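This is what each chain is made of:
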Amino acid sequence: MREELAPHVHDINRALGNKVSEQEIERELSSYLNVYRVSLDTAKRSIVKKHGGNPATLAVGVSKTIRELVPGEQSVNLLARVVAVYEKEVTPQGQETKTILSGILGDATATVPFTAWEPLPTPLAKGDVIRVQNAYTKEYRGQVQLNFGVRTAVGKEAPDALPEFKPGPGQPYVSKPTPVRVVDLREGASNVAVTARILAIERREVEVDGNPKAVFSGILADETGKTQFSAWKDFDLKAEEVVRIEGAYVKSWRGIPQISFDERATITRLKSDLLPPASVLNASPRMWIEDLAERGGGADVTLRGILIDLREGSGLVYRCPECRRVLRKGACRLHGEVKGEPDLRVKAVLDDGSGAVTAVFDRELTEALLDKTLDACIAAAKEAMSTDIVRDELADVLVAQPIEVRGNVTSDDYGLMMIVESAKMLKVDVQAEAREMLEGLEGPA
Amino acid sequence: MREVAWRLFASEYNDATLEMNGGGERAPSYVVTPLGAKVNRVFVVGVITDVENVGTDIQPMWRARVSDPTGTFHIYAGQYQPEAAATLSKLKPPVFGAIVGKSRVYSPEAGTVFTSIRPERIKAVDESVRDYWILEACRSLRKRLDTMAEAQKMDPLTKEGLAKIGVKEAIADGIVQAVNHYGTVDLSRYTAMLAEGLRYLLPEYREPANPGEATAEPAPAAKEEAPSEPDETELKVLEIIATLDKDGKGAPWEGILEAATSKGVAKDALEESINSLLDKGLIYEPILGRMKKI
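Respectively, the protein sequence lines represent chains A and B.
Quick note, the first sequence lines up with residues 1 to 445 if you use our numbering.
Quick note, the second sequence lines up with residues 1 to 294 if you use our numbering.
Check each hint, because a few of them may be wrong.
Simulated crosslink set (DSSO-like; lysine-lysine; CA at most 27 Å straight-line) [claimed, not checked]:
#1 347(A) / 98(A)
#2 427(A) / 280(B)
#3 427(A) / 143(B)
#4 168(B) / 138(A)
#5 292(B) / 249(B)
#6 251(A) / 168(B)
#7 176(A) / 238(A)
#8 347(A) / 382(A)
#9 347(A) / 424(A)
#10 347(A) / 102(B)
#11 138(A) / 159(B)
Worth flagging that the hints you see were computed from the coordinates, not collected in a lab.
Quick caveat, the model's predicted, so the values are computed rather than measured.
Could you put the whole structure together from the sequences, leaning on the hints where they help?
Written out as structure tokens, the structure is:
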């Protein structure tokens, strides 16, 4: 016990500027831990506070396994393997867009999503073993999230510092699977049963722990919705057939729930007329944003709303030829001054009265909405000597207008985002709808 | 998460006397309406009837009035809303305007509450956008009316009880707050407001004449109106206002009265139809004593 606590005693002592004796600190610490039974983190902070120090100067966090993490921890230390890592652009309210690092860390006990809000001294790659000190945790959508802030130190360790963790086949399920409709799939659910029609399936080769493995992925649907699936075993599934999958689990990709199943699952083939035909199931379900917000996202959904605002970076933009980032003042934040490649895009706030998403339209869609090509936009901007003219024209055409959009909705810390696949301005027969509603209110005229 | 932009009528918004602070430094604040809309952001489309600088030349504060079929929104844009202020200062009322903004409450003394909007974006739009907004505002009002009717049946009223009938948590919170603050509100007033909004969109309720249609109108007992005559008077008055508005500043009241009397419209009837035209958003008062057609 004493040896384990020694670094923490030193840490407290240092935070207090050596004005309290180590024996005294050790006595207090052990009293907090053994008599009052608070967590080590709380104990250290309390002692520092009690003696007039600043708990934020504590440097030695408490080493934990990922499974032990709870939301709201101020200083956690971890040894973990990078399971996935990607960059993303965020725009905190009232600040410039910046690129942050996000991904998943794993150890033998569990995995946890992480976000690095500050640039890291070393780049991270999938498979790296890292030691994280002074990270903090928060709750996001009911899940623990690990955050790296200004005080967080991240260093690489040898790959063998952490035993390779094999996700493996997992334990066989013992209880009966829970029947779930596609629309009700939620991240983290396991041993679910889904009755659905396979709409599409393809075989892909992926690498798992350095070995090639076949995964059969595609889209399945019931009357309530569609979802991506991944089968880690060849069940000889074919497009169009109706199956019951028992013993599947649900993961999510950027907020979109997806279903996965492996050799633990059982597949039962059912009569084809049990579900509507593929042509019907393939339709993109019309959804309210408040429902998407609750689920965290959705695959191939249709939204109707009003574009109430254009965000920064809409219109004619120039991208870095290396990394496709949008240049700011002619420079890429990674590659410096480069010759930018012109592109058109719209980032707009779509609000349907129940919630809001950021809708991103690519060049092709933007050209169609503007009824103007990229080249025409470049020419117009040259003549006006400002790219604002393109943005203003877009605002003219789009803002305050009702629109229907279709695409995948994902979520991150800043809310929901749709990468729009198709869009059309809505023409609504206002009178017909008003008449119908009035009749519902007062009876037919 | 970005706050949703509520579509709601001026009359419901202006009825609100409850302000809620989320607690904490940066927490958003809300205006809760009698029907339980917990409003931080609004989206409004209406007729911007006048824009005025109520600040100074150095520190302008632009005030705009935006009318919808039920009442008037007050919009204030100052130095901290540079874009909206610039747009407002250039607008030539009357004009259809779409406004996205934040809800604001001003309470100069205990018991007096004024609601207003601090705009984020303002855009001049056309009539079709305004009509679609009215439809959306009606849909939204309808939903709140239905939910509030259910809520008024519950005893005790709890968020959990509302969740059981499928009300989302954020909505349920507004409803519980509203009932605690306003008590049991009279829903018929808002049902009438909804019908008024819908009729505004329908030509059969706008156009005069055609007595056949007029009698078919299921006039609610509370809002008894003589079927066709006021419409004719209103038309006359509208015509008078249009003819007398020679300099674009609006028709003077004395002139309207004189012309109306000569066309056989009594003063009382004239005042009534002017009020009705104002309510319907067909005319407005650019300056005191002058009327202008929209």
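key: 27 Å Cα cutoff - pair residue 347(A), residue 382(A)   = It holds: about 22 Å lies between the C-alpha atoms, which stays within 27 Å.
query = Given the hinted pair residue 347(A) and residue 102(B), is their alpha-carbon gap at most 27 Å?
reply = Distance of about 21 Å is within 27 Å: holds.
message = residue 251(A) and residue 168(B) were given as a pair; does the straight-line alpha-carbon distance stay at or below 27 Å?
response = Between residue 251(A) and residue 168(B) the Cα gap is close to 24 Å, so the pair holds against 27 Å.
request  = Measure nothing beyond the straight line between the CA atoms of residue 347(A) and residue 424(A); if it is 27 Å or shorter, mark the hint as holding.
outcome  = The given pair, whose Cα atoms are some 16 Å apart, holds under the 27 Å limit.
request  = Would you check the hint for residue 292(B) and residue 249(B), treating anything up to 27 Å between C-alpha atoms as holding?
outcome  = Within the cut-off at roughly 7 Å; holds.
ask   = Taking 27 Å as the top limit, are the C-alpha atoms of residue 427(A) and residue 143(B) close enough?
value = holds (23 Å)
inquiry  = Check whether the Cα positions of residue 168(B) and residue 138(A) lie no farther apart than 27 Å.
reply    = Status holds; Cα separation ~24 Å.
ask   = Is it true that the CA of residue 176(A) sits at most 27 Å from the CA of residue 238(A)?
value = holds (26 Å)
query = If you draw a straight line from the CA of residue 347(A) to the CA of residue 98(A), is it 27 Å or shorter?
reply = holds (16 Å)
ask   = Taking only the CA atoms, is the gap from residue 138(A) to residue 159(B) under or equal to 27 Å?
value = Roughly 26 Å separates the two Cα atoms, so the pair holds.
task = Mind checking the alpha carbons of residue 427(A) and residue 280(B) for me, to see if they're no more than 27 Å apart?
result = It holds: about 25 Å lies between the C-alpha atoms, which stays within 27 Å.
Consistency note: the structure conflicts with none of the earlier hints.
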